[in-house]
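Protein sequence lines correspond, in order, to chains A and B.
Residues 717 to 1251, numbered by this note's numbering, are exactly what the first sequence covers, in order.
Residues 22 to 336, numbered by this note's numbering, are exactly what the second sequence covers, in order.
Each hint can be trusted.
Some chain B residues flagged as far from chain A (calculated, every beta-carbon gap over 12 Å):
# : residue
1 : V129
2 : P132
3 : A269
4 : L324
5 : P330
For lysine-lysine, the following DSS-like pairs were computed, each having C-alpha atoms within a straight-line distance of at most 25 Å:
#  : chain 1 : residue 1 : chain 2 : residue 2
6  : A       : K1167     : A       : K895
7  : A       : K1092     : A       : K1080
8  : A       : K886      : A       : K851
9  : A       : K990      : B       : K179
10 : A       : K996      : B       : K179
11 : A       : K1177     : A       : K1167
It is worth saying that the hints were derived from the structure and are not from the lab.
Glycine included, every Cβ here is placed at the ideal spot set by N, Cα and C.
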Amino acid sequence: MKSFDNEKSASSKGEAPAGVSRRGFLKTAVSVGAGGVGLGMGLALPARAAGASQPRRGGVLKLGMSGGNTTDSLDPTLLPDWVPLNQAYMLMNGLIEIDAKMQVQPELLTSWEAKPGAAEWTFNVRQGVTFHNGKTLDADDIVYSINLHRGDASRSAIKSNLAEIAEVRKLGPYQIGIKLNGGNADLPYLLSDYHLLVVPNGFKDWSRPVGTGPFVFGEYTPGVRSLFHRNPHYWKADAAWVDAVEVIVINDVTARTNALISGQVHAINRVDFKTVDLLKRSPAVNVVRSAGGQHFTFLMDCSTTQFADNNVRLAIKYGIDRQKQLDTILRGYGSIGNDHPIPRTDRFYAADIAQHTYDPDKSKFYLKKAGLSTLKLELATSDAAFAGAVDSASLFQTESAPAGIRLSIQRQPSDSYWDKGWMHAPFSMGYWGGRPTADQMFSTAWQSTAKWNDTHWRDPKFDALLLQARGLLDDGKRRELYREMQSIASENGGAMIPLFADYIDATSSRLKGATSHPLFNFMGGRLAQYVWLEA
Amino acid sequence: MARLVLQRVLLGFLTLWLVSVLIFAGTELLPGDVASAILGQSATPETVAALRTSLGLDQPAVQRYFEWLVHFVRGDLGNSLTNGQPIGAELMPRLFNTLFLACYTAFVAIPLAVALGVASAIREGGVLDRVANTVTLASISMPEFFVGYLLILVLAVKFPVLPSLAAVSPDMSTGERIYTTTLPMLTLLFVVTAHMMRTTRASVLAVMGSAYVETGILKGLPKWRIVVRHALPNALAPIINAVSFNLAYLIVGVIMVEVVFVYPGVGQLMVDAVSKRDLPVVQACGMLFALAYVGLNTLADVLAVWANPRLRHKR
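Pulled out of the complex, with its shape left as it was, chain A reads as follows (with noise of 0.2 Å):
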């Protein structure tokens, strides 16, 4: 059962964000100055394919999820794994919702300015919701739950994401204002992290979460199931179909998918790869495919001597066959990776940078710039750093071959990889679940300051750029800015990025609504409020 490991910290670091664009800024300020309170959402959420049947209420939702443990803790500064993850967003709301085209959504915020230089913010509060306790929701609450991650004693997940915020203030029943020590336009990204969710102000009980969500607390048995009930007062209109939902844990991937096939949960998430296609041939089960930010990666420590030449870190990048990896590794089921971290799915992502293909020679030549014939590594892997990963490990042991490279594979318990493998080897492997927008991704990992600079490159040219664009409100001068990023990491990182994984779900063909995201698995958490059950 060590398999799931890898999935343990998954969402701990699946995402978090920053970087609106200013037509998506200006969409969002307009459609709720027209709508008003309680519009605004719902504009581009998970749009209903077409053809699709009408939502129907009712009915008793049973998921079967893979990512639960008997040590989860729905506490939101915690949150350690996706089933937590799903039951937190059936239970709460966050302040900021990401859509299915990576565009900001009013939640429980409903709209926001900025004074010019992005530093400097007033957020207005969503007015007549009420959480489940009865109790209206005003400006104390989202100030008190906003700092429940923030302070010394703060043992919160995302405490150093939070740290350019230096404070947040009401300003009115319905209003808040926050500062920032810098500029960042994308702020409102950054408030649409999981972790972001609101309960009443002073509230305490993590055993009982009391939140404004689709669903009211029922019966919790962490790692096993849950049981929540319809919230009759819920405010968002289009949401919260079925009467209650169920959540059954189940980490094993083969009695994951019998529990679907033989009809005794209607969806479930992290289907296997390598079972896919089978699943496809039942005419009872849909696939829900995804396309996101989450990525694998190889990484050389370049404060090492080994890698702080870059002809040796070129030779690393075209010495592995990234076809064959996606082939075998994740089934096709992703795409190729140009070692920079940013997917096709953003918006800025550059499709005009050469890719790095599979070429012994040109890797043998960059060797020999380096001043070596062959070259001896160590590799550590792990099943935590994902799945597959050791099988990635050794494809790449027997590809880099022919150009000189001598690989030996270090292979490490899952249990304690994040502590000693991870940053800590100097060739290791490991993955990102994707950020909202560019400038997170690259400031999470990429920024020579950052505390998961997990290849310890520095590049001061690069760090200028980041900073430059985090504060530009032009869009046209920012693609430019972030393409000209993605370029310098792909030709100089210490990441090699062979693949991009999809996130793939299976339901129930009576299952409606469920559709793609590309923030992760379930629709990015919110799947339980969006979907109906057919007659």
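Given the coordinates of chain A, work out where chain B should sit on it, guided by the hints.
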């Protein structure tokens, strides 16, 4: 007899204490701690330190062990480090589930195994003997999760008569519970029956060669009567041992079956707790398992003495 029982019980307590020290030391030796395990890849030194302090992990290990021991002796299992819930409340429903499945399986397996063992001893080399031998040998050679998958394939997917998920909930009636747990029960049945049946057969056959059995045969007693009245009581000691061993297995060793059938037993709880370094939970589960093993083995020893007059009466 009373002295023997007392001695066994005292030894049992000593074993339990040693187990608790070993579990504590073992978990401490594992790399990483609960704080870094909870935060996973997103751990930064700052958040790990904050979490450690809030969980009291900055105290020395020896001090934490004795604090745990004092509370444990008073019957307080403490709270889980990861989700803050009281461990007792978390453990009890799972313990009930584990015991339920163990009893359900034992209820079917023990009579079946003993009956099959005796029957194949009576007709040694017969069709029943050979079939039972082959089937039990085959099933004991396959890993239990594989048997589980085969049973799911046949009884849940191809011919959907039983549910593949044994996701029991507290509000279920006993009938529903039995229905839901039948597939895991069948899987375990395959695993435990073999051992008990073969021990029964072997020990009955061993006794069959002795002089008093020969006397019985010469006297003209029917074979079943010789086996049931004369051979079986004298072959009881090894059978009791095999049964207690398998009962202990049913309580402590069924983690793979729990995973395959998504059955919320104690095994899964302990595995999750070990991977998250949730020490108090690991300790509680470990003590429970040790208690089951020590308790059942002590009981088996006492019963074996009771069943054997030569051991019961001092020479």
